[in-house]
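Colleague: Sequence:
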Amino acid sequence: MNPALLKKSAHLHGPVLVVGTGLLGASVGLGLRSRGIDVYLSDASPSAEAVATDIAAGVPLADAPADLAPELVVIGAPPDVCGSLVVQALRRWPHAVVTDVASVKTAVLDEVRAAAAASTGDDDAVDVRRYVGSHPMAGRERSGAVSARAELFTSAPWVICPHDDLDPHAYRTVTSLAMDLGGIVTTMEPAAHDEAVALVSHLPQVVSSLLASRLQDTPAASLALAGQGLRDVTRIAASDPGLWVQILGANAGHLVEPLEGMRADIERLLSTLRAPTAPGARLDMAQLISEGNVGQARIPGKHGGPAQQFAWLTVLVDDKPGQIALLLTEIGQLDVNLEDMRLGHSAGLPVGMVEIAVLPSKKQSLVEDLTGRGWKVVA
Numbered sequence: 326m327n328p329a330l331l332k333k334s335a336h337l338h339g340p341v342l343v344v345g346t347g348l349l350g351a352s353v354g355l356g357l358r359s360r361g362i363d364v365y366l367s368d369a370s371p372s373a374e375a376v377a378t379d380i381a382a383g384v385p386l387a388d389a390p391a392d393l394a395p396e397l398v399v400i401g402a403p404p405d406v407c408g409s410l411v412v413q414a415l416r417r418w419p420h421a422v423v424t425d426v427a428s429v430k431t432a433v434l435d436e437v438r439a440a441a442a443a444s445t446g447d448d449d450a451v452d453v454r455r456y457v458g459s460h461p462m463a464g465r466e467r468s469g470a471v472s473a474r475a476e477l478f479t480s481a482p483w484v485i486c487p488h489d490d491l492d493p494h495a496y497r498t499v500t501s502l503a504m505d506l507g508g509i510v511t512t513m514e515p516a517a518h519d520e521a522v523a524l525v526s527h528l529p530q531v532v533s534s535l536l537a538s539r540l541q542d543t544p545a546a547s548l549a550l551a552g553q554g555l556r557d558v559t560r561i562a563a564s565d566p567g568l569w570v571q572i573l574g575a576n577a578g579h580l581v582e583p584l585e586g587m588r589a590d591i592e593r594l595l596s597t598l599r600a601p602t603a604p605g606a607r608l609d610m611a612q613l614i615s616e617g618n619v620g621q622a623r624i625p626g627k628h629g630g631p632a633q634q635f636a637w638l639t640v641l642v643d644d645k646p647g648q649i650a651l652l653l654t655e656i657g658q659l660d661v662n663l664e665d666m667r668l669g670h671s672a673g674l675p676v677g678m679v680e681i682a683v684l685p686s687k688k689q690s691l692v693e694d695l696t697g698r699g700w701k702v703v704a
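Residue 326 is where the sequence shown starts when you use my numbering, and the numbers rise one by one after that.
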């Protein structure tokens, strides 16, 4: 990469225009306004724009001063319209840097370059140097401005995807956006980004949805037996179908290979399960699970550092207000750092289960201290 792109970024001064006021766009607006930056909003849906305005994510573009000259335009629209909106922004705001926060990057850049090549004069000129795609790796299962949060991007990776024609000023401006919103900046080529998110984001969505689809006709009595494992695996299956149709279609080329690999593993497992007592069958099952162990262990751990093996324990709490807060307070009083936590419920009983992860060296003493304080602990 051009060394000029790596110079220290300054913070944004604004104003910033956000086009597309869904979850990400509205969250960008809320985060920037919390830093005192002027934000203007535009959305093809008047109701979506009105909701984003009502939650104070920005001011409608219609109410902007006539001489508005945004420092940055952020396109927060779905992938199928993102490229055309980037092109429109580059034409309408000739001095602004333009970025988008869509989850696929190559298709958008290709559309911008095609528009630039097709330009015939100043009236329809598209300056690709002022565009750089970006992708904050943050989100929620619920979509829309009503789910927006100013802190949505805090400590989340924010990928910036420079290209050969990029103006270093544009790169620094989008880096400033990510930093101002608390993101952790990562730089990747557009194609490398799309290949990476196919595996770490898009494939998990597909797998979660496929598994959850098996539950459509499951008897309620069977679902009542479900534990936290099923909830964990199917959590993202609640995502917006309309948005994911666009994401999967835009990144289909990079998603096929990992899906083919998974299909090969499923066919291998099916063959084994059809004769589970045949010679080598149990070894093959063990190998499949072990391969999953290896892959899971490679997922970065706390604060993005190397994966760590924590010790887990479960504390049973009465399902009533204040119990979890009391438990966490007492753990703090015992000078134990909480590394991770999960919440579950006991089916049919007014009891909550708080699963706690701590450093292995702290587990035994914590079990003893919490038990001594009257908590029911399952180590």
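Be aware that one or more of the hints could be misleading.
[As the list claims (entries may be wrong)] For lysine to aspartate or glutamate, the following EDC-like pairs were computed, each having C-alpha atoms within a straight-line distance of at most 20 Å:
hint, residue 1, residue 2
1, 688, 665
2, 687, 655
3, 688, 644
4, 645, 693
5, 687, 643
6, 645, 660
7, 645, 655
8, 645, 609
9, 701, 609
10, 645, 664
11, 688, 664
12, 688, 655
13, 701, 680
14, 687, 644
15, 701, 643
[To be verified] Distance ranges between label pairs, derived from CB positions:
hint, residue 1, residue 2, range
16, 613, 448, 27 to 33 Å
17, 610, 384, 30 to 36 Å
18, 701, 541, 47 to 53 Å
These aren't lab readings, by the way, just hints derived from the structure by calculation. From a predicted model like this one, the values you see are computed outputs, not experimental measurements. Even glycine gets a Cβ: it sits at the ideal position worked out from N, Cα and C.
Colleague: Taking the hints in turn, state whether each one holds.
Modeller: Do the hints match the structure? See the list:
1. Simply put, residue 688 and residue 665 have alpha-carbon atoms about 13 Å apart, close enough for the 20 Å limit, and the pair holds.
2. The hinted pair formed by residue 687 and residue 655 meets the criterion: a straight-line CA distance of about 14 Å does not exceed 20 Å.
3. Distance hint between residue 688 and residue 644 is unfulfilled; the C-alpha atoms sit about 24 Å from each other, more than 20 Å.
4. A C-alpha spacing of about 24 Å is found between residue 645 and residue 693, which places the hinted pair above 20 Å, so the restraint is violated.
5. A threshold of 20 Å between alpha carbons decides the hint, and for residue 687 with residue 643 the separation of about 24 Å lies outside it, so the pair is violated.
6. At roughly 25 Å between alpha-carbon atoms, residue 645 and residue 660 are farther apart than 20 Å, so this suggested pair is violated.
7. A threshold of 20 Å between alpha carbons decides the hint, and for residue 645 with residue 655 the separation of about 17 Å falls inside it, so the pair holds.
8. Using a Cα cut-off of 20 Å, the hinted pair residue 645 and residue 609 is violated, with the two alpha carbons roughly 46 Å apart.
9. Annotation: proposed proximity of residue 701 to residue 609 is violated, straight-line Cα distance about 39 Å (limit 20 Å).
10. For a cut-off of 20 Å, the pair hint linking residue 645 to residue 664 is broken: about 24 Å separates their Cα positions.
11. A threshold of 20 Å between alpha carbons decides the hint, and for residue 688 with residue 664 the separation of about 12 Å falls inside it, so the pair holds.
12. This hinted pair checks out: residue 688 and residue 655 have alpha carbons roughly 15 Å apart, not beyond 20 Å.
13. Between residue 701 and residue 680, the direct Cα distance comes to roughly 12 Å. Compliance with the 20 Å bound is thereby established for this hinted pair.
14. About 26 Å separates the Cα atoms of residue 687 and residue 644, which puts this hinted pair outside 20 Å; it is violated.
15. For the proposed pair residue 701 and residue 643, the alpha carbon gap of about 10 Å is at most 20 Å, so the pair holds.
16. Our hint of 27 to 33 Å for residue 613 and residue 448 is violated, since their Cβ atoms are close to 60 Å apart.
17. At about 59 Å, the CB distance of residue 610 to residue 384 disagrees with the hint of 30 to 36 Å.
18. Distance hint check: the CB atoms of residue 701 and residue 541 are about 36 Å apart, inconsistent with the given range 47 to 53 Å.
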